[in-house]
Amino acid sequence: MATAAIEVPRKSEAGARAIRRDPPLVRWGLTVLALGALGAFIVLPLAAVFVQAFAKGVPAYLAAIREPDTLSAIKLSLLVAGVSVPLNVVFGVAAAWAIAKFQFKGKNVLVTLIDIPFAVSPVVSGLIFVLIFGAQGWFGEWLSDHDIRIVFAVPGIILATTFVTFPFVARELIPLMQSQGSDEEEAALTLGASGWQMFFKITLPNIRWGLLYGVVLCTARALGEFGAVSVVSGHIRGQTNTLPLHVEILYNEYNYSGAFAVASLLSVIAVITLTLKKFLEWKTKEGAK
Amino acid sequence: MSISFKKPSILPGFWPAFSYTVLYLSLIVLIPLSAVFLKSVTSSWAHLWEVVTSPEVVASYKLSFGASLVAGLVSVVVGFLVAWVLVRYQFPGKALADALVDLPFALPTAVAGIALTTLYTEHGWLGRYLAPLGIKVAFTPLGVVVALTFIGLPFVVRSVQPVLADADAELEEAAASLGASRWQVFRLVIFPVVRPALLTGFALAFARALGEYGSVIFIAGNMPMKTEITPLLIVSKLEQYDYAGATAIAAVMLTASFLMLLAINALERRTRRFMVMG
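Note that the protein sequences, when read in sequence, are chains Y and G. According to our numbering, the first sequence is numbered sequentially starting from 1. According to our numbering, the second sequence is numbered sequentially starting from 1001.
Hints were generated in silico from the structure; no laboratory data involved. Among the hints, a few may not be true.
[To be verified] Cut-off 27 Å, straight-line C-alpha distance, at most; resulting in silico cross-link-like pairs (DSS-like, lysine-lysine):
1) K285(Y) with K1094(G)
2) K56(Y) with K75(Y)
3) K107(Y) with K1007(G)
4) K1136(G) with K105(Y)
5) K277(Y) with K201(Y)
6) K1094(G) with K277(Y)
7) K75(Y) with K277(Y)
8) K1007(G) with K1136(G)
9) K107(Y) with K56(Y)
10) K1136(G) with K107(Y)
11) K1062(G) with K283(Y)
12) K1062(G) with K1136(G)
13) K201(Y) with K75(Y)
14) K1006(G) with K201(Y)
15) K1062(G) with K201(Y)
16) K105(Y) with K1006(G)
17) K1136(G) with K1226(G)
18) K278(Y) with K1094(G)
[Claimed, not checked] Pairwise CB distance ranges, derived in the manner of DEER restraints:
19) K1007(G) with T190(Y): 42 to 52 Å
20) V90(Y) with R1128(G): 34 to 44 Å
21) A1266(G) with G57(Y): 53 to 63 Å
22) T112(Y) with L1038(G): 48 to 58 Å
23) E1050(G) with P175(Y): 26 to 36 Å
24) W138(Y) with P1162(G): 40 to 50 Å
25) T112(Y) with A1244(G): 24 to 34 Å
[Unchecked claim] Covered by chain G, per the in silico footprint, the following chain Y stretches (three or more residues, Cβ under 8 Å):
26) 58-71
27) 148-157
Ideal Cβ positions, reconstructed from N, Cα and C, are used throughout, including at glycine.
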């Protein structure tokens, strides 16, 4: 009797699953359509980059990458990401600590303000720094008197990139730290840990995968940002050209295989980013269990 | 003052973290952004109005707004289909397909721009099949729509996917056992649950599309009055050292972005409440 009573819901569960399952024709039809759309919209552009990059053969590809202007673009892109990502990491951790662990007035406003750079057009993100530091800008005269270049030079590129990638780490950490609560930190403090001990032994290990996730997204965007950097860079070959700007210059010079060769480097970074992202999503899910 | 502002807590470091957050936010974001509005105030209103309502700029609003709208709608349809298939069905390569959805987030916009352009020119992999049908994509407004759909698609998929995965199976089962057809279940039970998420996805895709630059300028061809998007006009004003003109257009765009940000926040709050209630 008892086993029969248990079997009844099981049967209905299987029946219910059958109800939720679409007929095979619909299932296959929709799957083919969806994969076709992903193929046409996403896989083809990616494939096109690599096919065009190698269109003139491997030696031409390697030559395009070894070109001095390309190398200096790689160096500049790494420098820019190397400065702006750490800045935003420190900010992201501080903001998440204040927002996730404490209750204060105006918190929602602060969270919305942090999101602003995502809502602003990249072109406008570059323009604002031209308005402040450009020749006709607020500090333009003072800067030129002291022979300091910010816009159309490396500092402007770093500033614009920092603006554009500003929310990534904070946005990742705030919900994560909110969901973790403060019990472990409070326990550490009661047991006599100092503030920094608590942070490095409890908080940081707890958020490490989420933090890394934010860093990966932030770095990818910092290396790939185009619009904002294009406005502040001044496009000086070999000096203020990041990788994406170098792609544009080569493309506009009708050097397609060169442009796609450099673009393929950025595409490899994008694919690595996606792989790391999936891995970290899986890791954070593991941690939640 | 501090007591009423912040609830007491035994955790340390609120004031340093909070002060640093506000300081850094002001230095990197708020003060620079205010420059756009302060700068536009210093020019005469008549001149500003003239700039932002000149025929070339108005044509660019129409293109940016219209193409973003169409791209958002296409993203909603295709994105919903992709999310549905990824959540509901099992097939080989599903994890790979799921990972690829994020590619437009990760691929630099300039790379996307030149890749899409080569695909859709007359001799491109896709353009060569569309050209005989009389469909031109590259260097037309349609090309702008294609680029913006590429950018917008992941926003819709990633908004809808979790809602679809969490949707209550019992509701569907109840409807089906009460005699609803599959199509009725979809229309009356499933669709209302994902509608707020679709709307949020659309708003995110639309907002991003309005300001998008890198992926569009290559495929658009940038013909005056025809395929110039608004962000491009800001760049071309800057290249002519017309700072006041660039700033005026930027102020219009910023206002539009802020309105979209507020709308998205409201939508997301509603979606969350909806999900908690469900």
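Hints, one by one, checked against the model:
no.: 1; hint: K285(Y) with K1094(G); verdict: 18 Å, holds
no.: 2; hint: K56(Y) with K75(Y); verdict: 25 Å, holds
no.: 3; hint: K107(Y) with K1007(G); verdict: 12 Å, holds
no.: 4; hint: K1136(G) with K105(Y); verdict: 54 Å, violated
no.: 5; hint: K277(Y) with K201(Y); verdict: 25 Å, holds
no.: 6; hint: K1094(G) with K277(Y); verdict: 16 Å, holds
no.: 7; hint: K75(Y) with K277(Y); verdict: 24 Å, holds
no.: 8; hint: K1007(G) with K1136(G); verdict: 61 Å, violated
no.: 9; hint: K107(Y) with K56(Y); verdict: 56 Å, violated
no.: 10; hint: K1136(G) with K107(Y); verdict: 49 Å, violated
no.: 11; hint: K1062(G) with K283(Y); verdict: 45 Å, violated
no.: 12; hint: K1062(G) with K1136(G); verdict: 20 Å, holds
no.: 13; hint: K201(Y) with K75(Y); verdict: 35 Å, violated
no.: 14; hint: K1006(G) with K201(Y); verdict: 26 Å, holds
no.: 15; hint: K1062(G) with K201(Y); verdict: 55 Å, violated
no.: 16; hint: K105(Y) with K1006(G); verdict: 7 Å, holds
no.: 17; hint: K1136(G) with K1226(G); verdict: 14 Å, holds
no.: 18; hint: K278(Y) with K1094(G); verdict: 13 Å, holds
no.: 19; hint: K1007(G) with T190(Y): 42 to 52 Å; verdict: 19 Å, violated
no.: 20; hint: V90(Y) with R1128(G): 34 to 44 Å; verdict: 51 Å, violated
no.: 21; hint: A1266(G) with G57(Y): 53 to 63 Å; verdict: 55 Å, holds
no.: 22; hint: T112(Y) with L1038(G): 48 to 58 Å; verdict: 21 Å, violated
no.: 23; hint: E1050(G) with P175(Y): 26 to 36 Å; verdict: 46 Å, violated
no.: 24; hint: W138(Y) with P1162(G): 40 to 50 Å; verdict: 44 Å, holds
no.: 25; hint: T112(Y) with A1244(G): 24 to 34 Å; verdict: 29 Å, holds
no.: 26; hint: 58-71; verdict: violated (count 0)
no.: 27; hint: 148-157; verdict: violated (count 0)
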